[in-house]
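Enquirer: Going down the list, the protein sequences come from chains A and B. Going by numbering that gives the first Met the number 0, the residue at position 5 of the first sequence is 4; the numbering climbs one at a time, nothing skipped. Going by numbering that gives the first Met the number 0, the residue at position 30 of the second sequence is 29; the numbering climbs one at a time, nothing skipped.
Bear in mind the hints are in silico, worked out from the structure with no lab data behind them. Among these hints, one or two may not hold up.
Unchecked claim - Here are the simulated distance ranges between beta carbons: (1) A:Asp179 / B:Asp8: 48 to 56 Å; (2) A:Glu130 / B:Glu6: 32 to 40 Å; (3) A:Val140 / B:His7: 16 to 24 Å.
Said to hold, decoys possible - Taking lysine to aspartate or glutamate and the DMTMM-like style, the derived pairs with C-alpha atoms no more than 20 Å apart in a straight line are: (4) B:Lys29 / A:Glu145; (5) B:Lys66 / A:Glu39; (6) B:Lys95 / A:Asp135; (7) A:Lys18 / B:Asp8; (8) A:Lys18 / B:Glu19; (9) A:Lys63 / B:Glu23; (10) B:Lys18 / A:Glu46; (11) B:Lys95 / A:Glu130; (12) B:Lys82 / A:Asp139; (13) B:Lys82 / A:Glu131; (14) B:Lys95 / A:Glu39; (15) A:Lys18 / B:Glu74; (16) B:Lys98 / A:Asp133; (17) B:Lys95 / A:Glu23; (18) A:Lys18 / B:Asp104; (19) B:Lys18 / A:Asp134; (20) B:Lys98 / A:Asp134; (21) B:Lys95 / A:Asp133; (22) B:Lys95 / A:Glu145; (23) A:Lys38 / B:Asp16; (24) A:Lys58 / B:Asp16; (25) B:Lys95 / A:Glu131.
If you're wondering where the values come from, they're calculated on a predicted model, not measured in any experiment. Beta carbons are placed, not taken as given, at the ideal position from N, Cα and C, and that holds for glycine.
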Amino acid sequence: MAQPVSKQFILPNTRQSIKSSVQELLDFVINHLPAHIDKEVISFKIEVILIELLTNGIKHAGTKETLLDITIDDKSINIDKSDFGNRYQPGNITSLLIHDSGYKELLTKDGLHSMYAVVENDTRIKFVCEEEGDDDTVIDVSNLMEHFGLLIITKASDNFTYTYNIELGLNTFSVLLVLDGSPF
Amino acid sequence: MVSIYKEHDNVLLVKLDIKEASLENGDAFKTEVIKLFEKYQKSIAIDMSAVGYIDSSFLGSMVSAFKHLIALKSELLLIGLSKDITNLFALTRLDKVFKIYNTFDDIT
Chain A
0 MAQPVSKQFI LPNTRQSIKS SVQELLDFVI NHLPAHIDKE VISFKIEVIL
50 IELLTNGIKH AGTKETLLDI TIDDKSINID KSDFGNRYQP GNITSLLIHD
100 SGYKELLTKD GLHSMYAVVE NDTRIKFVCE EEGDDDTVID VSNLMEHFGL
150 LIITKASDNF TYTYNIELGL NTFSVLLVLD GSPF
Chain B
0 MVSIYKEHDN VLLVKLDIKE ASLENGDAFK TEVIKLFEKY QKSIAIDMSA
50 VGYIDSSFLG SMVSAFKHLI ALKSELLLIG LSKDITNLFA LTRLDKVFKI
100 YNTFDDIT
């Protein structure tokens, strides 16, 4: 088994820099992928995850820079996006951390998906997405949600969590992709 | 950003002339589409073959414009999606609500 490869990137937290930052990160991942992995499938997933993680940071963190740590081994890719900015507050997510582990709260729901936040411990929340209806279900278009960032990351990854370290004031979004070569 | 390419009986074909459809231009896109609808009162088919990638913010603006037109008994149709954008619509299941075509001729 090859040794894991890790690298930390310090990236500007600006709209203008997203494209070049994503390309730099994507190049790093592709260059360190195990040989047996289908690069085309994983590239799509990694690219949309990186775009949404960085966009989320610009919208919510309010910091000049964001830290991004990537670790790749034979079986998985881990991406941690961290900042010391504002607590991530949409849906009052951080207020859910007072609940016991396993507590599950509906964040959004429309005819296509339900998005949940599940408390894992007193600092970490896991995002879970469930598809609604089937191919024959008539979708109520007027009810469609218009925010897709969390949904895209959750569905493109195998595990997606948010951790808030209250002592450090550190927000961390962590994404895991299992390298089993399966399509989404 | 959005330019008229062809006017048909009941649908207006427009081209989206941006490579990166993102947080930066989503609101402007929605405004332009709604203005076109108000002027022509037709469904709008958007040729997206020039677009390299779409982020969640732009996707939200597309859905918002779509909902606006549907409420007024018209549609927002999509043409010429790249493979990655097709994958994004499949991932978000928006391919179940938007009508997606390869070419304008497929619509008319």
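Enquirer: Are the hints correct? Go through all of them and say.
Expert: Status of the hints after comparison with the structure:
1. A:Asp179 / B:Asp8: 48 to 56 Å: 50 Å, holds
2. A:Glu130 / B:Glu6: 32 to 40 Å: 38 Å, holds
3. A:Val140 / B:His7: 16 to 24 Å: 23 Å, holds
4. B:Lys29 / A:Glu145: 12 Å, holds
5. B:Lys66 / A:Glu39: Between B:Lys66 and A:Glu39 the Cα gap is close to 33 Å, so the pair fails against 20 Å, i.e. violated.
6. B:Lys95 / A:Asp135: Roughly 10 Å separates the two Cα atoms, so the pair holds.
7. A:Lys18 / B:Asp8: The hint is violated at about 39 Å.
8. A:Lys18 / B:Glu19: OK: A:Lys18 and B:Glu19 at ~9 Å, within 20 Å.
9. A:Lys63 / B:Glu23: 18 Å, holds
10. B:Lys18 / A:Glu46: 16 Å, holds
11. B:Lys95 / A:Glu130: Cα-Cα ~12 Å, so holds.
12. B:Lys82 / A:Asp139: 27 Å, violated
13. B:Lys82 / A:Glu131: It is violated: about 25 Å lies between the C-alpha atoms, which goes past 20 Å.
14. B:Lys95 / A:Glu39: 24 Å, violated
15. A:Lys18 / B:Glu74: 31 Å, violated
16. B:Lys98 / A:Asp133: 17 Å, holds
17. B:Lys95 / A:Glu23: With a Cα-Cα distance of about 33 Å, the restraint between B:Lys95 and A:Glu23 is violated, given a limit of 20 Å.
18. A:Lys18 / B:Asp104: 33 Å, violated
19. B:Lys18 / A:Asp134: With Cα atoms ~32 Å apart, B:Lys18 and A:Asp134 exceed 20 Å; violated.
20. B:Lys98 / A:Asp134: 14 Å, holds
21. B:Lys95 / A:Asp133: OK: B:Lys95 and A:Asp133 at ~10 Å, within 20 Å.
22. B:Lys95 / A:Glu145: Satisfied, since the Cα-Cα distance of roughly 15 Å is no more than 20 Å.
23. A:Lys38 / B:Asp16: Between A:Lys38 and B:Asp16 the Cα gap is close to 29 Å, so the pair fails against 20 Å, i.e. violated.
24. A:Lys58 / B:Asp16: 25 Å, violated
25. B:Lys95 / A:Glu131: The given pair, whose Cα atoms are some 12 Å apart, holds under the 20 Å limit.
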